[in-house]
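Fit chain B to the known structure of chain A by using the hints.
What follows is each chain in one-letter form.
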Amino acid sequence: MNRETIKITVMRTRIILAVMVVVFALLGVRLFYLQIQSNAFFASRAERNTLRFVEVEATRGDIVGADGQVFATTKPTYVVSLEYLMDTTERETAIVNLAAVLDEYGYDEEMIRTKVSANLRKFEATEIVSIPWGMEAITMISKLSERREFLPGVVIKTQPIRTYPLGMLAGHIIGHVGAIGENEMDAYDWSIYDINDQVGKSGIERIFEIFEAEDSDAYYGLKGTKGLQQYRVDAASRPIQEMDFSIEPLPGDTVVLTLDYDVQLAMENAMDEVIAEVYESISDKAGTAASVLMEVNTGKILAMASRPGFNPEDFVDGLSQEEVDYYYRNELRPEINKAVASAYPPGSTFKMITGMAYLEASDYTPYHSVVCRGAYWERPYISCWSVHGRVNYYESIAKSCNTFFQFAGSTAGIERIAQTATEFGLGVDPGLRDLPSVNMGLQANPENKLALQESYLQTRLARYAKQYDEAVKDAEQFEVGSASYEDALKQAAKQWEDSKQWAQGIFDFEKNWQAYDTFNTSIGQGLNNYTMLQLANYTATIANGGTRYRPYLVDRIESSHGGVLVEYEPEILDQSSISPDNIAATQRGMRDVTNPGGTSYYLFSDFPIEVAGKTGTAQTGRVGDEKLGEFHGLFVAYAPYENPEVAFAGIVEYGEHGGSSAGVIAKAVFAEYFGEEDYKDIDVGYYLNSPLFEE
Amino acid sequence: MILSKNYKELDYIYLGSILLILITSAVVQATASYAVVPGEPYLYLKKHLFTMVTGVILFMVMAFINYRDYRSLIPILVFLTLLMLVLVIIPGVGSVRNNARSWFDFGFLSLQPAEFAKILFIVIFADFLDRRKDHLDTIFRIFLCFLVMLIPVGLIMLQPDLGTALVFIAITFFMLFAAGANIKILLGLLLGGIGSLVLLLFLHYQMGLPLPLENYQLMRFTIFLNPYNDGKGGLGAGYNIIQSLIAIGSGGLFGKGFLQGSQSQSNFLPYHHTDFVFAVIGEEFGFVGSVIVLSLFLLVLYRALMIARKSHDFYGFIIVSGIVGMFFFHIVESAGMAMGVMPITGIPFPLLSSGGSSLWSNMAALGIIASIDLHKKIIRF
Numbered sequence: 005m006n007r008e009t010i011k012i013t014v015m016r017t018r019i020i021l022a023v024m025v026v027v028f029a030l031l032g033v034r035l036f037y038l039q040i041q042s043n044a045f046f047a048s049r050a051e052r053n054t055l056r057f058v059e060v061e062a063t064r065g066d067i068v069g070a071d072g073q074v075f076a077t078t079k080p081t082y083v084v085s086l087e088y089l090m091d092t093t094e095r096e097t098a099i100v101n102l103a104a105v106l107d108e109y110g111y112d113e114e115m116i117r118t119k120v121s122a123n124l125r126k127f128e129a130t131e132i133v134s135i136p137w138g139m140e141a142i143t144m145i146s147k148l149s150e151r152r153e154f155l156p157g158v159v160i161k162t163q164p165i166r167t168y169p170l171g172m173l174a175g176h177i178i179g180h181v182g183a184i185g186e187n188e189m190d191a192y193d194w195s196i197y198d199i200n201d202q203v204g205k206s207g208i209e210r211i212f213e214i215f216e217a218e219d220s221d222a223y224y225g226l227k228g229t230k231g232l233q234q235y236r237v238d239a240a241s242r243p244i245q246e247m248d249f250s251i252e253p254l255p256g257d258t259v260v261l262t263l264d265y266d267v268q269l270a271m272e273n274a275m276d277e278v279i280a281e282v283y284e285s286i287s288d289k290a291g292t293a294a295s296v297l298m299e300v301n302t303g304k305i306l307a308m309a310s311r312p313g314f315n316p317e318d319f320v321d322g323l324s325q326e327e328v329d330y331y332y333r334n335e336l337r338p339e340i341n342k343a344v345a346s347a348y349p350p351g352s353t354f355k356m357i358t359g360m361a362y363l364e365a366s367d368y369t370p371y372h373s374v375v376c377r378g379a380y381w382e383r384p385y386i387s388c389w390s391v392h393g394r395v396n397y398y399e400s401i402a403k404s405c406n407t408f409f410q411f412a413g414s415t416a417g418i419e420r421i422a423q424t425a426t427e428f429g430l431g432v433d434p435g436l437r438d439l440p441s442v443n444m445g446l447q448a449n450p451e452n453k454l455a456l457q458e459s460y461l462q463t464r465l466a467r468y469a470k471q472y473d474e475a476v477k478d479a480e481q482f483e484v485g486s487a488s489y490e491d492a493l494k495q496a497a498k499q500w501e502d503s504k505q506w507a508q509g510i511f512d513f514e515k516n517w518q519a520y521d522t523f524n525t526s527i528g529q530g531l532n533n534y535t536m537l538q539l540a541n542y543t544a545t546i547a548n549g550g551t552r553y554r555p556y557l558v559d560r561i562e563s564s565h566g567g568v569l570v571e572y573e574p575e576i577l578d579q580s581s582i583s584p585d586n587i588a589a590t591q592r593g594m595r596d597v598t599n600p601g602g603t604s605y606y607l608f609s610d611f612p613i614e615v616a617g618k619t620g621t622a623q624t625g626r627v628g629d630e631k632l633g634e635f636h637g638l639f640v641a642y643a644p645y646e647n648p649e650v651a652f653a654g655i656v657e658y659g660e661h662g663g664s665s666a667g668v669i670a671k672a673v674f675a676e677y678f679g680e681e682d683y684k685d686i687d688v689g690y691y692l693n694s695p696l697f698e699e
Numbered sequence: 002m003i004l005s006k007n008y009k010e011l012d013y014i015y016l017g018s019i020l021l022i023l024i025t026s027a028v029v030q031a032t033a034s035y036a037v038v039p040g041e042p043y044l045y046l047k048k049h050l051f052t053m054v055t056g057v058i059l060f061m062v063m064a065f066i067n068y069r070d071y072r073s074l075i076p077i078l079v080f081l082t083l084l085m086l087v088l089v090i091i092p093g094v095g096s097v098r099n100n101a102r103s104w105f106d107f108g109f110l111s112l113q114p115a116e117f118a119k120i121l122f123i124v125i126f127a128d129f130l131d132r133r134k135d136h137l138d139t140i141f142r143i144f145l146c147f148l149v150m151l152i153p154v155g156l157i158m159l160q161p162d163l164g165t166a167l168v169f170i171a172i173t174f175f176m177l178f179a180a181g182a183n184i185k186i187l188l189g190l191l192l193g194g195i196g197s198l199v200l201l202l203f204l205h206y207q208m209g210l211p212l213p214l215e216n217y218q219l220m221r222f223t224i225f226l227n228p229y230n231d232g233k234g235g236l237g238a239g240y241n242i243i244q245s246l247i248a249i250g251s252g253g254l255f256g257k258g259f260l261q262g263s264q265s266q267s268n269f270l271p272y273h274h275t276d277f278v279f280a281v282i283g284e285e286f287g288f289v290g291s292v293i294v295l296s297l298f299l300l301v302l303y304r305a306l307m308i309a310r311k312s313h314d315f316y317g318f319i320i321v322s323g324i325v326g327m328f329f330f331h332i333v334e335s336a337g338m339a340m341g342v343m344p345i346t347g348i349p350f351p352l353l354s355s356g357g358s359s360l361w362s363n364m365a366a367l368g369i370i371a372s373i374d375l376h377k378k379i380i381r382f
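Those protein sequences? They're chains A and B, same order as listed.
Okay, so the first sequence: first residue is 5 according to our numbering, each after it adds one.
Okay, so the second sequence: first residue is 2 according to our numbering, each after it adds one.
Bound conformation, chain A alone (with noise of 0.2 angstroms):
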């Protein structure tokens, strides 16, 4: 290299390395910029890339009877989830694999590809099968640990999952959970709830959901609360690190019924028993039945039952078309809880109701007699059941005289009758808050009637209206304009115009208040529709002199570690305006059913608790139906007579006879409160075939 060469050389080198020194210098501040300056900003990004919250369930509360009888808790599911996989060979060898042994389970690689791609929330595995605890489960379990390795992330982990150890005991009322329904989504909090989450559907777990605290903002309820674990995760969204912060999740309260377990074991035995003797000897229609006992001075509900059964079991892993079938294609109605939910014709069992009103009404004593001659002396001459003869009000609650009870109700009048009825809790609501669906059944009277008239007629113009608009229709296949035609048109709307004359001129006439109306209301038909639970609650009335208590069934709420929360005390909704005297008449009216003469005195003839009740015989009013041979089976009672207890309600569809198809349940139901073991064992068919019941 030549001189000229060299200084080129070393000038050259300066500069390039001047250049560089610059430029890295250049990436220093930008380090410095980043890694200094801005340094919060990005490590707060970083936290926020890794850190994730997944919610943790918590327990549901337990729903326990009175004495501590487990009927809804909360046992562990194993779910086998599927974490997602980024790559995706991986991915599939998984779903395949897993598919492989899912097989038997009916899970196909199609249905697992479907819900893995259908969970967005992709940190959190998706969910493919879940099994009880049980032989299937360990089985289950076995295989996929024995295929591990083939199976990339798949993992197995305990949930909770409902459960109802006593099946269909009580079924109805403790309801059953499952998953908010889209027509549900606006009845939630969504900042409670997420779209996933199990509620609570019918009966108790429906009711006792969640609810606010009354002196505080705090929850209540079988929902809990959830808690909140961190998880740090990977670019995959996968937990690669459980973190120190999380919230345990609040365990649900548990709901102490005031159901008495043995004594709603005896009135569902005894009403399915009872059921498979009418459907054997009297009618194929048989299988509904409904029935309530109750605490006379508190209002405490101890047992209540509704047939066809209904098991929230069967909910708990979705139904099997077979339990469709059941449910929901069933004209029984399986799931409706008849006892709350379906009024019936009283019959007889409202006769009471009329005595009270008519001894209230007049000046006759209750010896004041009448001459049954098998039917009452004013039109249209509504039958008895016999010929009575002389008969005074105690012998007519206690024969069930309809020509007694015809004449004490035209003494009374409707309106006298109606407001008994209202003091007692016919026709208006129980006031049981604890179930949904609650009805208020219908009471007899005018206004009734009158509304019930309307709806008559506007379905009948309804009807026509339609008729008229097919016979407009029907015209065109005339020419338009034609003879024919215009024939046609005026043929229409002569018979349009007269079928309306014909529907007002019925409502006129039916809109009215009548003689008989009263008469049919005061032997309980005509109108009167009452549930099982009214029913119950207005012999409870009778029996502690006319106090009328809010029935409920829910005794407490406890919290997970055992405080009580919220306790449920007696609440009189109604004091009644009968004289005790009169009152007492009824009772004394009562208590001669089951003696001798009585109704049912064959039923509790030798039973050592003196029982006061009253049958019914209601016409079923059903379509179809035969309205002289095909009777509801109803019977009313409250015990001890003496001190009275619990009153008893309960009605057997197609029983004909109430003392020997509900009566016998009754029977039951008090042999088992009362301890009476000789009695607890019936035989139901020796009643009910027995001629001694003749109502």
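Note that these hints are calculated values from the structure, not bench results.
If you're wondering where the values come from, they're calculated on a predicted model, not measured in any experiment.
Among the hints, erroneous ones may be present.
As the list claims (entries may be wrong) - Derived DEER-like restraints, expressed as beta-carbon distance ranges: (1) A:D112 / B:G40: 26 to 34 angstroms; (2) B:V57 / A:M15: 53 to 61 angstroms; (3) B:I66 / A:E51: 46 to 54 angstroms; (4) A:I196 / B:N230: 35 to 43 angstroms; (5) A:E8 / B:L188: 19 to 27 angstroms; (6) B:L20 / A:V14: 47 to 55 angstroms; (7) B:H136 / A:A44: 53 to 61 angstroms.
As the list claims (entries may be wrong) - Computed list of lysine-lysine pairs in DSS-like fashion (alpha-carbon distance at most 27 angstroms, straight line): (8) A:K11 / B:K185; (9) A:K498 / A:K515; (10) A:K11 / A:K79; (11) A:K289 / A:K631; (12) A:K477 / A:K494; (13) A:K230 / A:K79; (14) A:K515 / A:K494; (15) A:K453 / A:K515; (16) A:K470 / A:K494; (17) B:K134 / A:K11; (18) B:K311 / B:K9; (19) A:K11 / B:K6; (20) B:K378 / A:K11; (21) B:K134 / B:K48; (22) A:K11 / B:K311.
To be verified - Stretch by stretch, here's where chain A covers chain B in the computed footprint (C-beta under 8 angstroms, at least three residues): (23) 212-222; (24) 255-268.
Ideal Cβ positions, reconstructed from N, Cα and C, are used throughout, including at glycine.
Just chain B, lined up with the frame of chain A:
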């Protein structure tokens, strides 16, 4: 022939800092590739250590070969370079990764010919320039040099590999500058090139001037200006930059520590063991670590230039300038991209990124510099 005095006068600072960089590289790869394949934390580290060991052997081989001997082999080297670059773009011969046909896949290992072409180009181009060193003073003559460069660049753009093609341009500028080309002309070309690129992009975005590039390719080039403006709120083309900025920025003064970087270890940051490896250094070793790493490289480049000056051989000097230019561009582009100040081109960080071809070619290049040191003419006054 190597004189024993040459061993004594070897630049041990140069060799020492390379050794330090190699140790750093092993540490960085141990953490950067740890979480790339779940369940196999040492898969990439093992490969990396293997390439490092073979790379050191390659370095020594290159050091003992007298670099001047290459000059007699120029036609063969040219043929070899063109053969590699042509073969790789033939479908069925070269294989495709990340949308570019840049690889020879031999099953047990795969090579990126463009990486080796850089070194061959430097050796060839240095000879070309050395022969013209006194005539690089007109635009036409300098332009002719750029035409030579356009042959490999054109072939590489057919793969296509924009990043590596840009490296060739940087190398060419450095070598022309070292060869004594007219500074004003060089500067004019550099600024003119950058200026017209900016003008083209400006016209495209503001006036709708059509460009022969897909939108996503342009986006990759400009997204670093505002990574959130990628049409997907930072989850599209801007994602890598954003994650890289978070990684570096969250590192702070001393970093989160070995294996402790959530951005890298949890795979929020893609390509963090290859092109974005500098972000791992920033995240886990902080400002201090990053500055030390950059300083080590600056030291190596400085010593390389000193070796070139002391070699008293203009051919050697131009070679070193080309290698320094190559390293410089790689470092600035790769680190700058991770810091959000350079466009995304996807080229590795020398010696630190995972990848055999890159490491071998870099070790070979450093070996050539060592050869220049070892075969220098001792001038006695």
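Each hint, compared with the structure:
no.: 1; hint: A:D112 / B:G40: 26 to 34 angstroms; result: holds (28 angstroms)
no.: 2; hint: B:V57 / A:M15: 53 to 61 angstroms; result: violated (35 angstroms)
no.: 3; hint: B:I66 / A:E51: 46 to 54 angstroms; result: holds (53 angstroms)
no.: 4; hint: A:I196 / B:N230: 35 to 43 angstroms; result: holds (39 angstroms)
no.: 5; hint: A:E8 / B:L188: 19 to 27 angstroms; result: holds (22 angstroms)
no.: 6; hint: B:L20 / A:V14: 47 to 55 angstroms; result: violated (28 angstroms)
no.: 7; hint: B:H136 / A:A44: 53 to 61 angstroms; result: holds (57 angstroms)
no.: 8; hint: A:K11 / B:K185; result: holds (18 angstroms)
no.: 9; hint: A:K498 / A:K515; result: holds (25 angstroms)
no.: 10; hint: A:K11 / A:K79; result: violated (89 angstroms)
no.: 11; hint: A:K289 / A:K631; result: holds (15 angstroms)
no.: 12; hint: A:K477 / A:K494; result: holds (13 angstroms)
no.: 13; hint: A:K230 / A:K79; result: holds (17 angstroms)
no.: 14; hint: A:K515 / A:K494; result: violated (31 angstroms)
no.: 15; hint: A:K453 / A:K515; result: holds (7 angstroms)
no.: 16; hint: A:K470 / A:K494; result: holds (16 angstroms)
no.: 17; hint: B:K134 / A:K11; result: holds (14 angstroms)
no.: 18; hint: B:K311 / B:K9; result: holds (14 angstroms)
no.: 19; hint: A:K11 / B:K6; result: holds (26 angstroms)
no.: 20; hint: B:K378 / A:K11; result: holds (18 angstroms)
no.: 21; hint: B:K134 / B:K48; result: violated (42 angstroms)
no.: 22; hint: A:K11 / B:K311; result: holds (13 angstroms)
no.: 23; hint: 212-222; result: violated (count 0)
no.: 24; hint: 255-268; result: holds (count 5)
The structure fails to meet hints 2, 6, 10, 14, 21 and 23 from the earlier list, while all remaining hints are met.
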